[in-house]
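> Take a look at the letters that make up each chain.
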Amino acid sequence: MRRASGLVACLGLLVAACGGGDAVEQNPVDEQSIVISNWEGYMPEDLPDTFAAATGFDATVSFHATNEEIVGKLVAAGGEGFDVAFVSGQFAQALNEQGLLAEIDPDKVPNLKNLYPEATELGYDPGNTFSVPYAWGTTGLCYRSDLLSEAPDSWMDLLRPSDEAAGKVTMLATERWLMLPAQKALGFSVNTTDEGEMTQVKDLLIEAKQNLLAYDDTTFYSKLVSGEAVLVEAWDGWCNYGILEDPNIKYVIPSEGTDLWVDTMVILGSSANKDAAHAFLNYVLDEDNHAWVVENILYKVPNQAAMDKVDPSLAETFPNLGMTPAEVLGGEALLDLGEAQPMYTDIATEVAAGG
Amino acid sequence: MSLAGRLEGEEAKASSPSSRLGKTVTLGPGLAYLAVMLGAPLALIVGYSFLTRGSFGGVVMEPTLDAWGKLANPIFFDVVAGSIKIASIATVLALAIGYPAAWVIAGLPAKWKTVALVAVVLPFWSNFLIRTYAWIVLLNNEGLINRVLRGWGLIDEPLGMLYTEGAIVVGLVYIYLPLMILPLYSSIERLDPALREAAFDLGASPRRTFRRVLLPLTLPGIMAGSIFVFVPSLGNFVVPELLGGGQEIMIGNLVRDQFFKARDLPFGSVLALCVIALMLVLLFIQATVLRRTRETHG
Numbered sequence: 007m008r009r010a011s012g013l014v015a016c017l018g019l020l021v022a023a024c025g026g027g028d029a030v031e032q033n034p035v036d037e038q039s040i041v042i043s044n045w046e047g048y049m050p051e052d053l054p055d056t057f058a059a060a061t062g063f064d065a066t067v068s069f070h071a072t073n074e075e076i077v078g079k080l081v082a083a084g085g086e087g088f089d090v091a092f093v094s095g096q097f098a099q100a101l102n103e104q105g106l107l108a109e110i111d112p113d114k115v116p117n118l119k120n121l122y123p124e125a126t127e128l129g130y131d132p133g134n135t136f137s138v139p140y141a142w143g144t145t146g147l148c149y150r151s152d153l154l155s156e157a158p159d160s161w162m163d164l165l166r167p168s169d170e171a172a173g174k175v176t177m178l179a180t181e182r183w184l185m186l187p188a189q190k191a192l193g194f195s196v197n198t199t200d201e202g203e204m205t206q207v208k209d210l211l212i213e214a215k216q217n218l219l220a221y222d223d224t225t226f227y228s229k230l231v232s233g234e235a236v237l238v239e240a241w242d243g244w245c246n247y248g249i250l251e252d253p254n255i256k257y258v259i260p261s262e263g264t265d266l267w268v269d270t271m272v273i274l275g276s277s278a279n280k281d282a283a284h285a286f287l288n289y290v291l292d293e294d295n296h297a298w299v300v301e302n303i304l305y306k307v308p309n310q311a312a313m314d315k316v317d318p319s320l321a322e323t324f325p326n327l328g329m330t331p332a333e334v335l336g337g338e339a340l341l342d343l344g345e346a347q348p349m350y351t352d353i354a355t356e357v358a359a360g361g
Numbered sequence: 168m169s170l171a172g173r174l175e176g177e178e179a180k181a182s183s184p185s186s187r188l189g190k191t192v193t194l195g196p197g198l199a200y201l202a203v204m205l206g207a208p209l210a211l212i213v214g215y216s217f218l219t220r221g222s223f224g225g226v227v228m229e230p231t232l233d234a235w236g237k238l239a240n241p242i243f244f245d246v247v248a249g250s251i252k253i254a255s256i257a258t259v260l261a262l263a264i265g266y267p268a269a270w271v272i273a274g275l276p277a278k279w280k281t282v283a284l285v286a287v288v289l290p291f292w293s294n295f296l297i298r299t300y301a302w303i304v305l306l307n308n309e310g311l312i313n314r315v316l317r318g319w320g321l322i323d324e325p326l327g328m329l330y331t332e333g334a335i336v337v338g339l340v341y342i343y344l345p346l347m348i349l350p351l352y353s354s355i356e357r358l359d360p361a362l363r364e365a366a367f368d369l370g371a372s373p374r375r376t377f378r379r380v381l382l383p384l385t386l387p388g389i390m391a392g393s394i395f396v397f398v399p400s401l402g403n404f405v406v407p408e409l410l411g412g413g414q415e416i417m418i419g420n421l422v423r424d425q426f427f428k429a430r431d432l433p434f435g436s437v438l439a440l441c442v443i444a445l446m447l448v449l450l451f452i453q454a455t456v457l458r459r460t461r462e463t464h465g
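Chain order of the listed sequences is A and B.
With my numbering applied, the first sequence corresponds to residues 7 to 361, in that order.
With my numbering applied, the second sequence corresponds to residues 168 to 465, in that order.
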């Protein structure tokens, strides 16, 4: 026991030495302003203005197209230049392991109370110590119920499609979601680092290319609307953009299960404006502000107060918005792969070049 | 004046001492720009290629040959070979379309010549992505071409045109065709009509005239145009993604993915250097061919 506690103390020291977040000299509170990086269109355009009006802190927004892009920037510059970033959970985990993130001070973010209790115990960051969840959802199958005689209920319906769907299916191309259908269909974890399992995943994905229309991360729902595709792998929020145009489009989570993805907000350890950054997180978590995401982007947010505010008829049109936290949490949280990351990339390359 | 004579004249002019200051003033800014914007990044990727990959992007300052070792994976040869194939087909098609077009443009009256040349570069005025998306609208299974053909009863099932290698080639030819036509036009336009007349007078048939006189003289344009099409085609990663549906990857995709997805800067640098090496070989071949042509026909 004593030895164990000694180890813990050592680790504690190490973390303190690496973290260094508090060592950064802070700007006087009345001079603080923040730079935020987010995906374009992922928050209200006028949010910086309303935030400034409400709190007195100025905010500048820059955009990143992918997690990889912003993580690359942050790692290269040690986090300099940004105060708040929006990244997916597994990337927040990776940034934290690099010692780049500041600890979240719950006292400065009273609106954390709005979160579902389940949203404070997510696999990549139990207790929300370095990240605050912004939106969450699942990955599943989005399909044209009028063009398929049977509703799909397995990832195999995508990977080995029936004759009526062959050549009319699309899959996501971003690594983790490229692997997901095969991983789940074969009964593996979405975070597996086992080479034998990943070889099977690779073979199944190469086989699936025969019946694939295209890999598509951005326009799959319009392919459904036009009828070019009848069954696609989709993030639930994006399937809603299809439903919006054609009510015959439906979303289903296959029986083998799926992932749980979470997009989060993090504060950089190098930030000299941490009071303003915390104020921003708190402002976003305000029930009215956070409800904007649901009403405009049609994504679920882990904010109970915000979800309660949303017009219930929305969940009738877009069933995924009616999913309970327990249902969302049925998915397996995506975790950072650490040293196994290059293996995933190599397999993605081999899948793209193979078949 | 013969071509060789003209070249000698230019060389003599360039090496006179009085022009040295002029040279510094005219070439200086361009060279300085190249040194900073080309030389420095190039040095950087050469350096990166010998360093260790950082787990979360960036590089660790430990020298290693790991990144170069990764080239041994046969998958990369397949991708490079596939890219060369696609870029070659696109180049040959662009030449087949561009050569007659350039010939016709060169023969137009001066006023129409300008109109035709403007028409050639006109597509550059609109965004490359938008023009590529336009092909998606045209080629997809529910798209314009398939609908029209189905409406006329010519086909029952849509032709699967989009998301194929053919669609990638069509996209590349479409985008880079102007880069083929312009150098061809300039070499054809410069042809002295007297040469053709002389060949005829000496009894050469039209085919022989073309093969022995006109083709060799326009070879510089053919080479330049082909390189202008081949090089960007080889490195293009947007067209394979949009028109190929991501089912076929080219070397450009591979380089981009190493930087933005795999967070493997050293290997991305290695691949980028391979592309550069390939280009240098091509330019060397071009230079050699041009020199031979000059020696034979000058």
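To be clear, the hints were calculated from the coordinates, so they are not data collected in a lab.
Just so we're clear, the structure is a prediction, and the values are computed from it rather than from any experiment.
Heads up, the beta-carbon is just placed ideally off N, CA and C, and yes, glycines get one too.
Among these hints, one or two may not hold up.
Now the stretches of chain B that chain A is said to cover, found in silico as 3 or more residues with beta-carbon under 8 Å [as the list claims (entries may be wrong)]:
(1) 241-254
(2) 290-297
(3) 306-316
(4) 426-435
What follows is a set of in silico ranges between Cβ atoms, one per label pair, in the way DEER data are often shown [as the list claims (entries may be wrong)]:
(5) P208/B with S168/A: 25 to 35 Å
(6) L153/A with R298/B: 44 to 54 Å
(7) V192/B with N302/A: 14 to 24 Å
(8) L275/B with S228/A: 19 to 29 Å
(9) V304/B with A172/A: 35 to 45 Å
(10) T135/A with T231/B: 32 to 42 Å
(11) W45/A with P276/B: 31 to 41 Å
(12) T56/A with M228/B: 40 to 50 Å
Quick list of in silico lysine to any residue cross-link-like pairs, SDA-like style, CA-CA up to 20 Å [said to hold, decoys possible]:
(13) K119/A with D314/A
(14) K79/A with P208/B
(15) K237/B with Q32/A
(16) K79/A with Y341/B
(17) K215/A with G249/B
(18) K252/B with G360/A
(19) K114/A with T205/A
(20) K252/B with V35/A
(21) K79/A with F367/B
(22) K237/B with K114/A
(23) K79/A with K252/B
(24) K208/A with I242/B
(25) K114/A with N134/A
(26) K237/B with D314/A
(27) K252/B with Y341/B
(28) K79/A with K237/B
> Each hint: holds or not?
Hints, one by one, checked against the model:
Only when three residues or more bring their CB closer than 8 Å to a CB of chain A does the claim for the stretch 241-254 of chain B stand; here the count is 4, and the claim holds. For the stretch 290-297 of chain B, the stated coverage by chain A is not satisfied: 0 residues place a CB nearer than 8 Å to a CB of that chain, which falls below the threshold of 3. Coverage of the stretch 306-316 of chain B by chain A holds. Counting CB-CB distances below 8 Å, 3 residues qualify, and the rule asks for three or more. For the stretch 426-435 of chain B, the stated coverage by chain A is satisfied: 6 residues place a CB nearer than 8 Å to a CB of that chain, which reaches the threshold of 3.
Between P208/B and S168/A the C-beta distance comes to about 50 Å, which lies outside the given range of 25 to 35 Å. Evaluation of the 44 to 54 Å hint for L153/A and R298/B yields a failure: the beta carbon distance comes to about 31 Å. Between V192/B and N302/A the Cβ separation comes to about 57 Å, which falls outside the hinted range of 14 to 24 Å. One distance hint, 19 to 29 Å for the beta-carbon pair L275/B and S228/A, is violated here, with the actual separation near 42 Å.
Judged by the Cβ atoms, the range 35 to 45 Å given for V304/B and A172/A is violated: they are separated by roughly 24 Å. For the hinted restraint 32 to 42 Å between T135/A and T231/B, the CB-CB distance of approximately 35 Å keeps it satisfied. Between W45/A and P276/B the C-beta distance comes to about 54 Å, which lies outside the given range of 31 to 41 Å. At roughly 45 Å, the beta-carbon separation of T56/A and M228/B lies within the given 40 to 50 Å, and the hint holds.
For the suggested pair K119/A and D314/A, the alpha carbons sit about 14 Å apart, so the restraint of at most 20 Å is met. Simply put, K79/A and P208/B have alpha-carbon atoms about 17 Å apart, close enough for the 20 Å limit, and the pair holds. With a CA separation close to 45 Å, the supplied pair K237/B and Q32/A exceeds the 20 Å bound. Restraint check: the Cα-Cα separation between K79/A and Y341/B comes to about 35 Å, which exceeds 20 Å; the hinted pair is violated.
As the CA atoms of K215/A and G249/B are separated by approximately 17 Å, the hinted pair is consistent with the 20 Å bound. Between the alpha carbons of K252/B and G360/A the distance comes to roughly 16 Å, so the proposed pair stays at or under 20 Å and holds. Under the criterion of a C-alpha separation no larger than 20 Å, the hint pairing K114/A with T205/A is inconsistent with the structure, at around 47 Å. This hinted pair does not check out: K252/B and V35/A have alpha carbons roughly 61 Å apart, beyond 20 Å.
Between the alpha carbons of K79/A and F367/B the distance comes to roughly 66 Å, so the proposed pair goes past 20 Å and is violated. Only pairs whose Cα atoms come within 20 Å are accepted, and K237/B paired with K114/A is rejected, the gap being roughly 48 Å. Between K79/A and K252/B the CA atoms are separated by roughly 35 Å; this puts the pair beyond 20 Å, and the hint is violated. Distance hint between K208/A and I242/B is fulfilled; the C-alpha atoms sit about 14 Å from each other, no more than 20 Å.
With a C-alpha separation of about 13 Å, the suggested pairing of K114/A with N134/A holds against the 20 Å cut-off. At most 20 Å may separate the alpha-carbon atoms for a hinted pair to count; K237/B and D314/A exceed this at roughly 53 Å. Proposed proximity of K252/B and Y341/B is supported: the alpha carbons are some 17 Å apart, at most 20 Å. With a CA separation close to 25 Å, the supplied pair K79/A and K237/B exceeds the 20 Å bound.
The structure does not agree with the numbered hints 2, 5, 6, 7, 8, 9, 11, 15, 16, 19, 20, 21, 22, 23, 26, 28 stated previously, though it agrees with the rest.
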